[in-house]
Amino acid sequence: EAGVAQSPRYKIIEKRQSVAFWCNPISGHATLYWYQQILGQGPKLLIQFQNNGVVDDSQLPKDRFSAERLKGVDSTLKIQPAKLEDSAVYLCASSLDTATGELFFGEGSRLTVL
Amino acid sequence: GDSVTQMEGPVTLSEEAFLTINCTYTATGYPSLFWYVQYPGEGLQLLLKATKADDKGSNKGFEATYRKETTSFHLEKGSVQVSDSAVYFCALSSGAGSYQLTFGKGTKLSVIP
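Chain order of the listed sequences is P and Z. All letters in the first sequence, in the order written, are residues 41 to 154 by my numbering. All letters in the second sequence, in the order written, are residues -14 to 98 by my numbering.
Extracted from the complex, chain P is given alone in its bound form:
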C-alpha cells in the first residue's frame, strides 16, 4: 500500500515570498493533518481535516497560512508571505480510524526561509 506522499521534499525561498506544499494521503483515509516541526522540537498540529471539512485550525496562523482539501483527498498548505520563523519541516499525516490513534506520516517537506 502506498504511503502518504508529500512534495516538494525541499524548498528554499526568501522572506515575503510564497510557497505551497502538497499532500496525498493513503487511499481511503478520511482524516488528514498538517504538522509543523521546527528543528529541535516535536511536531505541532496546524490543521486537521475530516474529509473536506476543517475539524481544528486553532493553531494555524491564518494571517499567512492557508490550507485546503477540496475533494476530500489531497491537500495543499500555503504560506504567504513567508517569515524567517517559518523555516521548518511540514509534515502531512492521515488516519483511517480516529479511534486507534495511529497516524501515518509522510516524509515531510523541509522549508528554509532566507
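It should be emphasised that the hints constitute simulated quantities derived from the structure, not laboratory data. Even for Gly, the Cβ is constructed at its ideal location relative to N, Cα and C. Each statement offered as a hint is correct.
Where chain P lies over chain Z, by a calculated footprint (3+ residues, C-beta under 8 Å):
1) 24 to 37
2) 89 to 97
Computed, partial: chain P to chain Z, Cβ under 7 Å:
3) 81
4) 82
5) 83
6) 85
7) 142
8) 145
9) 146
10) 147
Since the structure of chain P is provided, determine the placement of chain Z on it from the hints.
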C-alpha cells in the same frame, strides 16, 4: 494545556545495552499515550501505544507502561541494536474521538556496534 516532556538527547549506547527514554505528561482527563519513531530518511511511524492506566504497549522488543500516578510513559528495551538508531517521540492525545497528537521534543538514539 496538554504537554509532553522527554529526556534530552542525544543518547548513545553500545549494542545490547539497556535503553530507557523517560517521558512524562500533563493532560486533562485520561489521555492515550504513544511512542512514535523516525528512522533516518523516513517519516514518523507508530511504535507502540497505551490507552488507559496500567496498560503496557509493546512492539519490536520495546515496551512502555502507562503510569497514571506518576504521569509517565517511559520507553524501555532490554537489548538495543544498531538498527534501533532513530529519533523517538513521546506523544499524547486527549481529544475524544479525534486524535490530535501533542508531541515531546524527541530523543535521538544512536547505537554503536
